[in-house]
Structures are given as C-alpha cells and as structure tokens.
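Engineer: Letter by letter, the chains look like this.
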Amino acid sequence: MNKTVSRTPGRTWRIVFLIALLAFLYLPILILAVYSFTTSTQIGAIRGFSLQNYVTLFTMPDLRNMILGTIVLAFGSALIATVLGTLGAIGSFYSKSRFSGAMNAINQIPVVNADVVTGFSLCILLVVVLHISKDTYFPLVAGHVTLCAPFVYLSVMPRIKQMDPSIYEAALDLGATPFRALTKIVIPQIVPGILSGFALAITLSLDDYFIATYTKPATFDTISTYVVNATKGAQTTIKTALWALSTVIFLIVVLVVLGMNIRAMRAEKAVKREHI
Amino acid sequence: METTENIIELRHITKVFEDDGFTAVKDFNLEVKRGEFVTFLGPSGCGKTTTLRMIAGFDVPTSGDILLNGKSIIGLPPYKRPINTVFQRYALFPHMNIYNNIAFGLRQKKTPEAEIARKVRKVLDLVDLEGFEARSVSTLSGGQQQRIAIARALVNEPEILLLDEPLGALDLKMRKEMQLELKAMHDKLGITFIYVTHDQEEALTMSDKIVVMNEGKTQQIGTPEDIYNEPATAFVADFIGESNIFGGVMTGKLLARFCGGEFQCVDDFPEGTHITAVVRPEDVELTAPRLGTIRGVVDSVIFKGMHYEITVLSGKNEMVIQSVNSARPGDLVGMRVDPENIHIIRAEDHTNTFYADINAAHRLEYNGHKLETSLTRIIKGSKRMEDGSILDGNGEIIDPSRMRVLVSIGPEDIEMTDEQDAGLIQGTISNLIYLGDHYMYVIHTDLEDFVVYDEDLWNMDDRVSLIMPVEKMSFALRKK
Amino acid sequence: MHFSRKSLGIPYAVFLLVFVVLPLLVLVFYAFTNGQGQFTISNFTGFFTDPNTLGTLFYSLLLAAVTTAVCLTLAYPTAYILGTSKLKSRSVIVMLFVLPMWINFSLRITALKEILTILEGNLAMYPFLNAVIGMTYDFLPFMILPLYTTISRLDGALTEAAMDLGADRTRTFLEVVLPLSLPGILSGVSMVFLPAMTNYVVLDMLYNSTYIMGSLIGSYFSAYDWHGGSMISLILLALICIFTLLTGGSEETARGGALL
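Residue numbers (our numbering), protein chains in the order written: chain A, 1 to 276; chain B, 1 to 480; chain C, 1 to 260.
These are calculated hints, taken from the structure and not from any lab test. In this text the structure is predicted, and so the values were computed from the model without any measurement. Yeah, the Cβ is synthetic: ideal placement off N, Cα and C, and Gly gets one too. Any given hint might turn out to be false.
What the hints assert, rightly or not - PhoX-like mimics (lysine-lysine), calculated; alpha carbons at most 20 Å apart, straight line:
| # | chain 1 | residue 1 | chain 2 | residue 2 |
| --- | --- | --- | --- | --- |
| 1 | B | Lys-188 | B | Lys-119 |
| 2 | C | Lys-6 | A | Lys-184 |
| 3 | C | Lys-113 | A | Lys-232 |
| 4 | B | Lys-26 | B | Lys-217 |
| 5 | B | Lys-188 | B | Lys-176 |
| 6 | B | Lys-80 | B | Lys-122 |
| 7 | C | Lys-113 | A | Lys-239 |
| 8 | C | Lys-6 | A | Lys-161 |
| 9 | B | Lys-209 | B | Lys-188 |
| 10 | A | Lys-184 | A | Lys-161 |
| 11 | C | Lys-6 | A | Lys-96 |
Claimed, not checked - Here are some chain B residues pointing at chain C (derived, C-beta under 8 Å):
| # | residue |
| --- | --- |
| 12 | Asp-19 |
| 13 | Pro-77 |
| 14 | Pro-78 |
| 15 | Tyr-79 |
| 16 | Arg-89 |
| 17 | Ala-91 |
| 18 | His-95 |
| 19 | Asn-97 |
| 20 | Phe-104 |
| 21 | Lys-109 |
| 22 | Asn-156 |
Work out the full structure, taking the sequences as your base and the hints as a guide.
Structural biologist: What follows is the structure, encoded as structure tokens:
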C-alpha cells in the first residue's frame, strides 16, 4: 500500500500509544538494568555505583554453572534437534503422502501441546515407567529435543517445498549418486531453513521452564528454573546478581537483533540497487 | 453544448512523492469530454498510474487542480468521488462471494436489497457471467475475475470508470477479446473511460484520445491516427509502432538531410534547423541502387509471414524496411521514401546543463569531484589572489556560497563507461532511442538526467559512469 | 546398501513415536488406572465432581479469556499502526515489540515483579489483576507478531478498492481490514489463550496463591500422584485439541515466525 491519501488525525495518539506500550515492555528491564549497577538491594533509593553484581554473576560457582549448563543444554539439544528435524523433513517430503501426512500430524502435537503436559508425560514415560534416572540427563535432553525438533521440521519443510523439484533429478542425470545429490545439491538449498530452525531451537531451549522442571536432575538448574527458585528465596546477593544477568542477556539480544537487522538492511539495499 | 462539456480537467498537476522526492508527474494538463475513451500510454514509471490514482483520489497532487464537472475535487476522499476503478490485479475481496463483491458499493449507498439484487443480476449479465452470484473469488479464472472487477465498478454507475492496466495479467487471446468487449461496453454505456496501459496496440485499438507520457511529462495528446502518423517527439515515434528515427538537419525548402541522403519532405522548417526524421519501415521502398535517394548494403533478411524485414546498412546508418519482396544479404540496394511518408520533428535540444558548486578552496566541484579548470578562465576579467580567493572583473571578491556555475556539455561529448569510478557521475540508462547511426541514451543519475549519444548499444538499466572532458564543457557564472 | 531419500526420515519417525506418541499413550493409561494398576474412571469423575478442581478449570478459562482479550486490545492497534505505516523504519519498530520474546521469561517476570511490588506493595492483594498483567507482559509479543504479519501482507489495493466503492475509513476497516486479518487474530489468540491456562510459573513468581490448570499438574507432580496428574494432562490436552480445531491450528506460524 503506497502513498495513500491524507494522514488521518490522531497521528500523535498513535505514537503515544506505541511509546506507552513499549514503555510497559521495556521499563521493568531497563530499571532493573540501572539498579544492577548499584549496591541497592531493592528498587527505590539508588545507592552507590558498583559492579559487584557482575562480579558475583561471573564468579559465584552456582551461578556460573547454571549459566554454562543452560548454554550447553541449549546448543546440544538444538544440534540433535536440527539433525533429526532436518532429516525428518527431507525424508517425509520424499515419502508417500500417507507416511508424510502422519509425520506432519504427529510433529504438530508438541507444537500445540502445553509444555507442562509434554514435560509431565515424558517424565512419566522415562522416569516412572522406564525407570531412567533423571541424573543421567537423558530425560532432560530428550525433553528439549522433543520441544525443539518439531520446530526445525517446520522451518525446513517450506524450504524443501520451494525448491525446484527437478534440480535433484538434474544432479542424478548428470551422474551424481543419490547421496551426493542430496549433500551437494539439496542440503545447500535448504540451509536457510536449517539455520533458522537451529536458532529457533536454541531460543526455545533457553526459554524453557516446564520441561526442565519435570525432567532435570535435582542438582542441575537452567536459568529459568534457577531464577524461579531464587525469586522464592530471600538471598539478596543472588537476587541482585540476577539483575545483572538480565541486563547482560538484554544487551546480547539487542546486539544480535541489531546485527541481524543491519545485515538484512545491507542485503536489501544491494537488491534495490540491482533493480534501479 | 452538452456533448462537448468537459467531464474532468487536470490543470498543472505535479506529483512529488514525499518519501523519496521522486517527481512522478510534471505539469500535467488534460481535458476529457463526457463519454470519451481516453488512454494514458507510456512505459512503466512514466507517471500514468500515478495520474490515474490522483483522479481516483488515492494520491493527492503536490500542486495543480482536478475539476470534475467544473468543480474542484482535490479535497474529496476517494469514497466521495463518483468515480470507480478497475484495479490492476482486480482487488476483489477474497472473503466475500461474487454477489457481495458487486453489492459492496451499492450497500455503502444504502441501496435497498431488492434493487441491489436486480442491479447485480443486470451487471453480471453485461459481463456474461450470469449465475455466478454465489461463487467465491478463488474459484474464478483470471479472465472471469477481470469481468467481476469491471462489473463491481460499473454497478455503481460511475461518471468516470478508471482502468489501471486491467488486461495486463491476461493471456494474449483473452486480451484481444476483452479489448473489443470493453470497447463495446463503452459504446453501450456512454460512461467516460480513462484507461492506463503500456501496450501501444491496445491504446490504438480502443481509444478516442491517447495521452502519451514519458518521465512524468505529456509527450503528445491526440487521436490514435495523429499519434501514429504525426508523432510529436522522437519518443512518441519510437514508442508507437516501429520506426526508423534519424537525427538530421534542414538543408533547404522542404529538403531534409538525414541517413546520408537528402530527402524531399512536406514539413516546412527553416533551413539549418536540427531535426529528427521518422520513417516507418513499411514506407521505405527498395529500388535499384541508382534509383534510390540513398544506397546501402543488405545486412539481414527475416521472413515475418506477411512480409520480409530487411535491414540495410547505409554508411553508419541502419534502415529497417518491411517489404513483400525479399532481398539477399550483401545486395547493394537503393532506397527511397515518398515525401508525405517522411515525418519531420524539430529536434529537441539535447545539450546537458547542470550546476557546479564553487568549493571553499574556490575550485569548481560537481558531485564531489573537482573539475580541473580554472575559475579565472570562466569569469571574465577575474584573477586569483594569493590566498586562493577570486576577484571578479570589478575587483570584488566572489563569495563561493552565493555563486555557482552553469555547465553545458553536448550529448556527443559525454562518454559512457562501465568503470564506475572513471567518470564524474554514475547513473542508470533509463531510455534509449536508435537514431539511425547512433543511439540516444538518457542516463538517470541521483542529481540530474543526462542525454548521451553513443554509437554502441548499451542495455537498458545498465549502470554506467559518465566521463565528461572539461575541455568540452562551457561555463557560465550564476547567482544562487 | 541402496541409499534412499525416504529412509532419512526414519530416525525422526522413530523419535516421534518414542517421545511423542508413546508418552501420550502412557498418559492415557495412567489417567485411567489407580496405584494398583487397575482400570478406574475415578480420576475422571473425581475431577468433575470436586468443586476445587472445577473451580480451577473455570478460573483458568476466565483468566485465559481476560488475558487474551487484553492482549488483543493492545496488540491489534499496535499491529495495525505498524502494518499500515509507510515508515522506512517500521521493521525496526516491529523488532522492538518482538525483541522481548528472546529474553528469558523468568528474568523478565522478575523485573516486572520488582516494579509491581513498588506500585502495589503486597502482590498477593490483587491476584487476578497481577496474573493478567504478568501474562500480558509475557505473551504480548506473541500476539503482536502474527497480527502484524497478517496486516502488513494485506493487499493495499483491497482497502483502496473499498474506498473507491464508497466505503469511508470506518466501514473499510470493519468490512475489509478486520475480516481479512482474522487469520492473524486466531493465530494470536491461540498463542496466548493456551499458555494463559497452563503457564502457572508466571503466577508462582508473582507470589500468586491462585491456581490454574497447569498448577494442578505441578502439584500432582510434587505429590508423586502420576494418575491424577495424567488425568489433568489429558483434560488439558482435550481442551487444547478443541481450541486448536476452533482456531484452525495456526499456531506454528506464529511461534515459528518469532525468528522472522
């Protein structure tokens, strides 16, 4: 929709509305970020500037372990989920419609299901019925892969569908073995879908609370489970160190988004230039 | 008289888009009589759709006025104008069935439902889609959607029907059919049609009046016959039909020199006038070499079914000829053209002019590049002081911030190159016309458009850098 | 061995069977058995006869409905303003609204809790209000994104066509824009409504004493009552199925679209 008639009145109101909503979303995080650089233990009066919270965050073994644990879990399960989901999507796409239809349907279950139910049902199967100890981390990793793989499947599938179906045949026609045609021709075509599936898997794992709660070893914590427990506790050192963690994560997210946007904008500009 | 009354008038319409500063339409003037079929014709980006959108009310002109029945409608939103549009991609509402799509406009006017039903049936009958009321949009073919879009607009009995390239998405056969049907509908209903297209054949077939547009400006307004037979500019000649277009000069009374020969013509211009000569391929007669006004060697012959298309090289000039007789490549042939079949247009002056700034160091600068010339040579009687500043003839210091220099350079003096850093400015080729022995290019840059003559063929939209030798430039000092 | 593209799907098919289908079967088995492994429907009848669990169900539905309504009221204008804006920077502004999705929810709720505590003092005083605020804060981006995607893809020619046919702004909005943005609304609603019934940890963190459906599973889990927990899970699953069928099952577009 380009260049339409006169601006409607209330342009100012629109801007005010957007800003108010952004304030609602960001003020809590930003206020906490400010306080994370002070010695205050409560929002209110600002006391002296201090980096103590950040020192605690990176030196306290408890905190360090749960941050590292969360990251390792996220990358590990995202990796497994990406391999499984991608191969699943390729296999399903080239299979008979009944098989792929069933696969699509089952794949949809964890997507629409509540995480509480997914976590609880996995816990019953693996821990209660099969007696696999949570301390083996197997239930936890399996849970996170179950959470993530369907989304990888969903983000790879449209890429395969978009692909020109004859390029695989062209590769075979030119003498490539099916395996080489797949690795050299098909997979490179769907890389964007695989990458976005991987990234999605990581964010899902990082943000998960319920599946971890129902499947994790008692001594292990992810950021989510740790923070939830910490808010119930009364330890102020940990509470304010978590303010620092929230600030760090906020900054990382902002930087990543900024970087992605700049890259996208550059690409867009290049495309535009070609079209002039 | 009722019949000659203008239903709509556009006066000095200019449209500059705020977001990118692009001037889509420049000083556009048009009068449309009630019941006329008017077509805006031009290449994409010529401003024809923007003009249509301003009539519909979707865009507001930056300046100028639009009068409907003598009254300004500039301030009227689209929904209050008695004008309806057939959109390029039809814009049928996908969540409504055919009946509700067509009834939409009538319901806005609170028409009684019984009358709506009657009118919908009638208009469906008009577009030959009786019984389609309950169908959903997605079940229709492109041609059927097209008809529904026309029906949806016509049912409101608009004073003017606007059609924005309505046949663009149809296949050739469908298009031909719809052209005739639209024309028949126009004749039957007596509604004023304003039609936008880039297809010259479509325009010639259907219109009472054609408005040829290019780069936001009107090139010519006239009947299809006028436009075809008497193109007003080289652009029109090139855009409508196939033409041989040559640059030339008047060498005597009704005598024009172009394409390496001297031709009798019927257009009277003073001797010495630079001209553009237009010759349609079907008007060139092949003769024995000694009988022709000019001679040339046959370069290629292509059989086109109805005729042969023969390309003859005469010196550096190229002449395309349609003939029922074939020829053999390599043949030496003569060519002659009846005087009344030569159309002479006064040549547009293609000298490029642009302003260069005087920078703080009192040097001439354009597009961030220094022009290696001496300002003292440009300004009569001036001299450069030791601190670099310049005194004019009256001994007064020239203030660089208040003065600039108008630079002129002929189109033949500019050289195009692929090396983007080699020239003064870079741009893309937005227009090209073959003028017999060279091409005329319009290069669209961020600053201004340049006209360049070049013997070689470049592609449209090529990005080129323009080399402009300082010694070919002429300069004039101007106040800012 | 002959290599076949189809066989690539086998590992994932097996994975889905073991970790998605099998747990659900076990869930069904546990829901309809007692501690001795005997078939029973007492878990089922228990749920629907106990005023506490029934109250929790209705409270969950109410909370989810209110949260969804609040999110929709806030998100629709936002998405509409952004989706119809001609600003070059609009994708950046959209990014601003979506960005909180990528910050760990527990940290964001912690931040919200601190602010709410300053404003309200004791959070337990307004459990319903705080639950709505907390969930809106958590889920709002998930409502904005699908709405924005739908509205920004809306063909501008359709609104122009409506105006061309005599509809003023209000009628153009009601008769064309709103019906055509329905898929986005449904997708956004399913992104908010279901989590609002189950995501009890938001309530937990805000010192909320009230129970929603998800909390029931949590409490059965803590009490090692697998049979009761399974029944609640099954009832939730049924609700989710009904809801997904009603909204056309468009959830994956929204959650997956989070990555743009």
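Engineer: List in ascending order the numbers of the hints, as given earlier, that are violated by the structure.
Structural biologist: Per hint list: 6, 19 violated.
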